[in-house]
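Chemist: Chain by chain, the residues:
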Amino acid sequence: MHHAAAPPAWVMLAYLVAGICFILALRGLSSPVSSRTGNRFGMAGMLLAVVTTLVHFAPGAIGDGGFDGAPLMEIVIAIAIGAAIGLVTARRIAMTAMPQLVAAFHSLVGLAAVLVAAAAFLNPSAFGIAEIVTMVPVTLAGDPVLGPWEEWVIDPVSRVEMGLGAAIGAITFSGSVIAFLKLNGNMSGKPILLPMRHVINLGTLAAILGLIAWFTQDQDPWVFWTLTGLAFLIGFLLIIPIGGADMPVVVSMLNSYSGWAAAAMGFTLQNSAMIITGALVGSSGAILSYIMCRAMNRSFISVIAGGFGGDAVAAEGGGAIDRPWKRGSAEDAAFLMKQAEQVIIVPGYGMAVAQAQHALREMGDLLKKEGVSVKYAIHPVAGRMPGHMNVLLAEANVPYDEVFELEDINSEFARTDVAFVIGANDVTNPAAKTDKTSPIYGMPVLDVEKAKTVLFIKRSMGGVGYAGVDNELFYRDNTMMLLADAKKMVEEIVKSLA
Amino acid sequence: MDFISILSIFVLACFVGYYVVWSVTPALHTPLMAVTNAISSVIIVGALIAAAAGSASVGGSTAKWLGLLAVVLASVNIFGGFAVTARMLAMYKKKERR
Numbered sequence: 221m222h223h224a225a226a227p228p229a230w231v232m233l234a235y236l237v238a239g240i241c242f243i244l245a246l247r248g249l250s251s252p253v254s255s256r257t258g259n260r261f262g263m264a265g266m267l268l269a270v271v272t273t274l275v276h277f278a279p280g281a282i283g284d285g286g287f288d289g290a291p292l293m294e295i296v297i298a299i300a301i302g303a304a305i306g307l308v309t310a311r312r313i314a315m316t317a318m319p320q321l322v323a324a325f326h327s328l329v330g331l332a333a334v335l336v337a338a339a340a341f342l343n344p345s346a347f348g349i350a351e352i353v354t355m356v357p358v359t360l361a362g363d364p365v366l367g368p369w370e371e372w373v374i375d376p377v378s379r380v381e382m383g384l385g386a387a388i389g390a391i392t393f394s395g396s397v398i399a400f401l402k403l404n405g406n407m408s409g410k411p412i413l414l415p416m417r418h419v420i421n422l423g424t425l426a427a428i429l430g431l432i433a434w435f436t437q438d439q440d441p442w443v444f445w446t447l448t449g450l451a452f453l454i455g456f457l458l459i460i461p462i463g464g465a466d467m468p469v470v471v472s473m474l475n476s477y478s479g480w481a482a483a484a485m486g487f488t489l490q491n492s493a494m495i496i497t498g499a500l501v502g503s504s505g506a507i508l509s510y511i512m513c514r515a516m517n518r519s520f521i522s523v524i525a526g527g528f529g530g531d532a533v534a535a536e537g538g539g540a541i542d543r544p545w546k547r548g549s550a551e552d553a554a555f556l557m558k559q560a561e562q563v564i565i566v567p568g569y570g571m572a573v574a575q576a577q578h579a580l581r582e583m584g585d586l587l588k589k590e591g592v593s594v595k596y597a598i599h600p601v602a603g604r605m606p607g608h609m610n611v612l613l614a615e616a617n618v619p620y621d622e623v624f625e626l627e628d629i630n631s632e633f634a635r636t637d638v639a640f641v642i643g644a645n646d647v648t649n650p651a652a653k654t655d656k657t658s659p660i661y662g663m664p665v666l667d668v669e670k671a672k673t674v675l676f677i678k679r680s681m682g683g684v685g686y687a688g689v690d691n692e693l694f695y696r697d698n699t700m701m702l703l704a705d706a707k708k709m710v711e712e713i714v715k716s717l718a
Numbered sequence: 004m005d006f007i008s009i010l011s012i013f014v015l016a017c018f019v020g021y022y023v024v025w026s027v028t029p030a031l032h033t034p035l036m037a038v039t040n041a042i043s044s045v046i047i048v049g050a051l052i053a054a055a056a057g058s059a060s061v062g063g064s065t066a067k068w069l070g071l072l073a074v075v076l077a078s079v080n081i082f083g084g085f086a087v088t089a090r091m092l093a094m095y096k097k098k099e100r101r
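Protein sequences, first through last, are from chains A and B. Our numbering numbers the first residue of the first sequence as 221 and each following residue consecutively. Our numbering numbers the first residue of the second sequence as 4 and each following residue consecutively.
Just chain A, with the same shape it has in the complex (with noise of 0.2 angstroms):
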């Protein structure tokens, strides 16, 4: 099959180094102090490969006649738009709602991998994918009927990329949709289970590599076009079953498929920097997929699958609210920290909510003013997407190097006067250790239990976990359960504490 001239050598060179700069952007982030640095080759890395796709195809440089490319002013003033768009969203955002944002980014690489794809499809010899065939076609007596006439062909190889980035990418974009306005709220983060959801979901999944495998057969533009819809409509699908809190899963699924669809649309166009990255960002997509799950002791499937984890809000509790607990007010709590050597704090999802990481920082400045060490211990699963409580933390200004996983603190608790939860509920669950009867049984939690005290921030009594399970923790007898709303609570503490 014909393909058009590879690009110099220079070319492809410089796609490899932007491809390097971006491993470098992700070696950066193994600590806090190098990943600027890395940031910085991730910009360059990209630079790079703006430039050299902009120099080597210049405008009009692979037209052969008939329609003009875009000049490259139109060029200019597109980035210019997706620049101000970009740059205004990234100073306003607040961290708060970075779980939101990453989701409405997915979209867009998903949408621009369709784009390309469809891109590609419709005008293959610009990407030197496709070669001039003089079809004749015949009568069973070998005259011809017609009189032959020219056709792009699109080399199979190339339709199955294609049909690949696009169906990736239309996956992305929807998936990521929904998951925008589940984690935005405008859409309820409960399960969405429809009848059948399986059969109709592994049916249109079958559909869709049916069609990629006809279309290598029948390049006809319905192929492409009810491929990329079914593509459309099972991103939808997968996603409405999955509850709000298995969100950070789904974000890095989704994250992943990005990766895939920017590698599947670097095989089509033979470019090192996008079969890099692309690899780079689904490996990193699945690793941390992987992890979330892994912290849930939960098998990905079953996260796939749905039907799990709606809104704390969601379920309630029921009868075992009639077991005796301990209710303590705010200055209780300053005054069990306060005569305390050491506090660990332990954030989780309702934190977030409560925008109240600001006011839990200024409780941690005035407990080490009174001389009592402070950590913070983060759950893998904390939060709404991987590391969101580091970066809610690191927003309010709490140094990072009081911030510790949970395989590193977990052993410390035993040591702790007080361990004050704030906004967490299942991570922090006895029942995951002992009962074998509990839906998050084998779940690694934080040990809090073992703390002398545990101060537990709560709305009210009533409300249980994601999971559905009654907390153990509450009705223990070293545990006080402060009943408001997060921020005003740690904001009283503080008041008592100054």
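The set of hints was computed from the structure by calculation and includes no laboratory data. Beta carbons: idealized from backbone N, C-alpha and C, even for Gly. Be aware that a few hints might be false.
Said to hold, decoys possible - Derived DSSO-like pairs (lysine-lysine); straight-line CA-CA distance at most 27 angstroms:
no.	chain 1	residue 1	chain 2	residue 2
1	A	K588	B	K98
2	B	K98	A	K715
3	A	K546	B	K96
4	B	K96	A	K672
5	A	K595	B	K96
6	B	K98	A	K589
7	A	K546	A	K670
8	B	K97	A	K656
9	B	K97	A	K558
10	A	K589	A	K708
11	B	K97	A	K410
Said to hold, decoys possible - FRET-style restraints, in silico, Cβ to Cβ:
no.	chain 1	residue 1	chain 2	residue 2	range
12	B	Y22	A	L429	26 to 32 angstroms
13	B	L15	A	G362	36 to 42 angstroms
14	B	L15	A	R312	38 to 44 angstroms
15	B	S8	A	A427	29 to 35 angstroms
16	B	L15	A	L267	20 to 26 angstroms
17	A	R312	B	S8	39 to 45 angstroms
Start from chain A and add chain B according to the hints.
Modeler: For chain B alone, coordinates are given in the frame of chain A:
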């Protein structure tokens, strides 16, 4: 490049990705997602080619507009993604030692 060379780059890059991502500290998982978002918009390369290309085929004109739209979308992501990552990373501070 033939298919096998491209596949080799892809497979090796997956391995690089695997090891690099496992070395990312969990505290930076949110910036990781934001920056992977930004870099996956390298798909803008394809969008630029589509936008810049002229074509003899009728689809070329539509392809140009699809390409331009994809350039806008990818640019939102590139600028927004890197900027928001930079904003987050600037917040991670060490304890002041007195």
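Chemist: Looking back at the numbered hints, which does the structure fail to meet, lowest number first?
Modeler: 3, 4, 8, 11 and 13
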